[in-house]
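Protein chains in written order, with numbering that gives the first Met the number 0: chain A, 0 to 159; chain B, 0 to 123.
Rather than coming from a laboratory, the hints here were simulated on the basis of the structure. Predicted model only: the values in this text are computed from it and were never measured. Positions of the beta carbon are idealized from the N, C-alpha and C atoms, including for glycine. Hints may be right or wrong, so weigh each one.
[Claimed, not checked] Heads up, simulated DSSO-like pairs for lysine-lysine below, C-alpha to C-alpha not over 30 Å straight-line:
#, chain 1, residue 1, chain 2, residue 2
1, B, Lys42, A, Lys51
2, B, Lys20, B, Lys118
3, B, Lys41, B, Lys123
4, B, Lys73, B, Lys109
5, A, Lys62, A, Lys149
6, B, Lys123, B, Lys16
7, B, Lys42, B, Lys118
8, B, Lys20, A, Lys17
9, A, Lys52, B, Lys20
10, A, Lys51, B, Lys86
11, A, Lys149, B, Lys109
12, A, Lys32, A, Lys51
13, B, Lys86, A, Lys17
14, B, Lys16, A, Lys69
15, B, Lys20, A, Lys62
16, B, Lys73, B, Lys86
17, A, Lys17, B, Lys118
18, B, Lys34, B, Lys20
19, A, Lys17, B, Lys16
20, B, Lys86, B, Lys16
21, A, Lys62, B, Lys16
22, A, Lys69, B, Lys109
23, B, Lys20, B, Lys42
[Unchecked claim] Covered stretches of chain A, as calculated for chain B (at least 3 residues, CB under 8 Å):
#, region
24, 66-79
25, 105-119
Here are the chains, one letter per residue:
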Amino acid sequence: MDIKYINPFIIAAQTVFKTMLGISAEMGKAVLKTVNSTSGDVTGIMGLVGDKKGTVAISLSEKGAKFVYKTLVGDECENISQDVVDAIGEITNIISGQARKEFERSGINLSAAIPMVIVGKNVEMNFITKIPIISLPFYFPIDSENTGDKEVIYVDFSFE
Amino acid sequence: MNVLVVDDFATMRKIIKNVLKQIGIESVFEAENGKMALDVLKKEAIDLIISDWIMPEMTGIDFLKACKSSEEIKNIPFLMVTAEAQKGCIMEAIKSGVDNYIVKPFTPDKLQAAIEKAKARIGK
Numbered sequence: 000m001d002i003k004y005i006n007p008f009i010i011a012a013q014t015v016f017k018t019m020l021g022i023s024a025e026m027g028k029a030v031l032k033t034v035n036s037t038s039g040d041v042t043g044i045m046g047l048v049g050d051k052k053g054t055v056a057i058s059l060s061e062k063g064a065k066f067v068y069k070t071l072v073g074d075e076c077e078n079i080s081q082d083v084v085d086a087i088g089e090i091t092n093i094i095s096g097q098a099r100k101e102f103e104r105s106g107i108n109l110s111a112a113i114p115m116v117i118v119g120k121n122v123e124m125n126f127i128t129k130i131p132i133i134s135l136p137f138y139f140p141i142d143s144e145n146t147g148d149k150e151v152i153y154v155d156f157s158f159e
Numbered sequence: 000m001n002v003l004v005v006d007d008f009a010t011m012r013k014i015i016k017n018v019l020k021q022i023g024i025e026s027v028f029e030a031e032n033g034k035m036a037l038d039v040l041k042k043e044a045i046d047l048i049i050s051d052w053i054m055p056e057m058t059g060i061d062f063l064k065a066c067k068s069s070e071e072i073k074n075i076p077f078l079m080v081t082a083e084a085q086k087g088c089i090m091e092a093i094k095s096g097v098d099n100y101i102v103k104p105f106t107p108d109k110l111q112a113a114i115e116k117a118k119a120r121i122g123k
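Just chain B, same shape as in the assembly (with noise of 0.2 Å):
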C-alpha cells in the first residue's frame, strides 16, 4: 500500500508515518505542498492520501478539490489531517468530498483508526 503525507512540516510528516510505520505501512511517499504532491501523483500509485490544510504553493484544500476533479485519482481516499478546526472549515472539506477529516491534536490510535478505515474501503 502506497501512502501520501502531505504536510509543509517535516515534523508533522515524520509523526505520520511514525504511525504508518505502527501499522505496517512503510512505503511512504512525502510532499510539502498540494502542487508537489500532484507531481507525485502522477509518477506513482498511490492507495491513500493524507494532508495537511494550510500549506504554501498549494493549500490543502485546493489540493483537494484538484484530485476529486481528476478521474484518475478521485477514487483514492482523501484524509485531511489539519489545524483548522472551525466548523466552516469542516463543512467545506465535506464539501469537496474528503474522506475523513482529523484535528490536530490527534492521538496515534484516532488516525491509525482513520487509516485502517480507509485500507478497508479499497481492500488493502
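Chain A with its partners taken away, still in its complex shape (with noise of 0.2 Å):
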C-alpha cells in the first residue's frame, strides 16, 4: 500500500491523542492483519467513500477504553458502559475527520459516516475492500506516577 495512505492514520492518531487527552501515542510496528476481527475489547469503525473507499476501524482493551473516557470527561467508570461506548465512538469520528484533513492535502477527497461501536474481542468486522488489513499499534502511557504503564489503541484499516 502506498505510503500517502498509511501517513494520514498516523498523524490523526498521534494528532487527537496530544490534542484531547495531552498525551504521546508512540507508534509500534505496523503489522498485516490476517483475520477480519477486532483487535481490542471496544472497537468504532467507520466506512469511507469518496476518490477512494475503505475502513478504519479504533480498537482498545477494556482499561485503554476506560482510561480514554477518563480521560476525556473526567468521570471514572467501573466497566463497558454506554458512556464509554459513546467516548469511543467519539474518538472514532475525530481521527476519522483528521485522516480524511490529511488525505485533502493529498488531492483525495473523502467523508465518512456515523461510527458504530462494537463490543468484544475477536468479532469479526466486514472491512469493504479486499485488500489486506494494516494495523497500527499506538502505545500510550496509563498511570500519571510514571511506573511505565501503557496501553495500546490499534488503528486497523483497509483503502483502495
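Make one complex out of these two single chains by using the hints.
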C-alpha cells in the first residue's frame, strides 16, 4: 500500500491523542492483519467513501477504553458502559476526520458517516475492501505516576 | 447566559459542558441532533448555539441553515464544533452564516476563546 494512504492515519491518531487527551501515543510496528476481527475489546468502525473507499477501525482494550473515557470527560467508570462506548465512537469520529483532512492535502477527498461501536474481542468485522488490513498500534501511558504502565490503541484500516 | 449544545455523542456534550463550566457558564441545554435542537429553541431563550455537523435526523449544516433562515433565531451566535475539517465543509458553513468554526480535535483554550468572542458579541 502506498505510504500516502498510511501517513494520514498516523498523523490523525497522534494528533488526536495529543490534543484531546494531552498524551503522546508512540507508534509500534505496523502489521498486516490476517483476520477480519476486532483487535481490542471496544472498537469504533467507520466506512470512508469518495475518491477512494475503505474502512477504519479504532480498537482499545477495556482498560484502555476506560482510561480514554476518564481522561476525556473526567468521570470514573467501572465497566464498559454506554458512556465508554459513546466516547470510543467519538474518538473514532475525530480520528477519521483528522485523517480525511490529511488525505485532502494529498488531493484525495473522502466523506464518512456516523461510526458504529462493537464491544467484544475477536468479533468479525466486514471491511469493504478486499485488500489486506494494516494494523497500526500506538502505545500510550495510562499512569500519571510514571510507573511505565502502557495501553495500546489499534488503528486498523483497509484502503483502496 | 443560556447555551445550547448539540451533538449526537454524549461524550462531546460533556467535554463542551466542562469547558463552559470553567468559564462560569452553567445554564446549558442539550440536544442530540438539529431537529431536537430546534424544539429546544422554540421553548428556551438561548444566547449561544454550539453544534456538531454529522448527526442523525438533522445534520448540523441543515440545522445552521434552518437557524439562519428564521427571523426569531438568526441572530443567535452559531459555533460549529466538528470533525469535518475539509475546506469544502468550512466554506459551506461560512456561506450558510456560521459565526465560528472549530475543528475537532481542539484544546479547551481554543473553544473557550471562541465562546468568549461570542459572549462579547452578544454583550453577556
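Hint check results:
1. B:Lys42 with A:Lys51: 44 Å, violated
2. B:Lys20 with B:Lys118: OK: B:Lys20 and B:Lys118 at ~14 Å, within 30 Å.
3. B:Lys41 with B:Lys123: With a Cα-Cα distance of about 21 Å, the restraint between B:Lys41 and B:Lys123 holds, given a limit of 30 Å.
4. B:Lys73 with B:Lys109: Roughly 24 Å separates the two Cα atoms, so the pair holds.
5. A:Lys62 with A:Lys149: 10 Å, holds
6. B:Lys123 with B:Lys16: 18 Å, holds
7. B:Lys42 with B:Lys118: 21 Å, holds
8. B:Lys20 with A:Lys17: 23 Å, holds
9. A:Lys52 with B:Lys20: 41 Å, violated
10. A:Lys51 with B:Lys86: 18 Å, holds
11. A:Lys149 with B:Lys109: At roughly 29 Å apart (the allowed maximum being 30 Å), B:Lys109 and A:Lys149 satisfy the hint.
12. A:Lys32 with A:Lys51: Holds. A:Lys32 to A:Lys51 sits at ~21 Å (cutoff 30 Å).
13. B:Lys86 with A:Lys17: 23 Å, holds
14. B:Lys16 with A:Lys69: Roughly 15 Å separates the two Cα atoms, so the pair holds.
15. B:Lys20 with A:Lys62: Cα-Cα ~28 Å, so holds.
16. B:Lys73 with B:Lys86: Within the cut-off at roughly 24 Å; holds.
17. A:Lys17 with B:Lys118: Holds. A:Lys17 to B:Lys118 sits at ~28 Å (cutoff 30 Å).
18. B:Lys34 with B:Lys20: It holds: about 25 Å lies between the C-alpha atoms, which stays within 30 Å.
19. A:Lys17 with B:Lys16: 21 Å, holds
20. B:Lys86 with B:Lys16: 27 Å, holds
21. A:Lys62 with B:Lys16: 25 Å, holds
22. A:Lys69 with B:Lys109: 21 Å, holds
23. B:Lys20 with B:Lys42: Measuring from Cα to Cα gives roughly 23 Å; hence the hint holds.
24. 66-79: With 5 residues close enough to chain B, the hint holds.
25. 105-119: holds (count 4)
Hints 1 and 9 from the list above are not met by this structure, while the remaining hints are.
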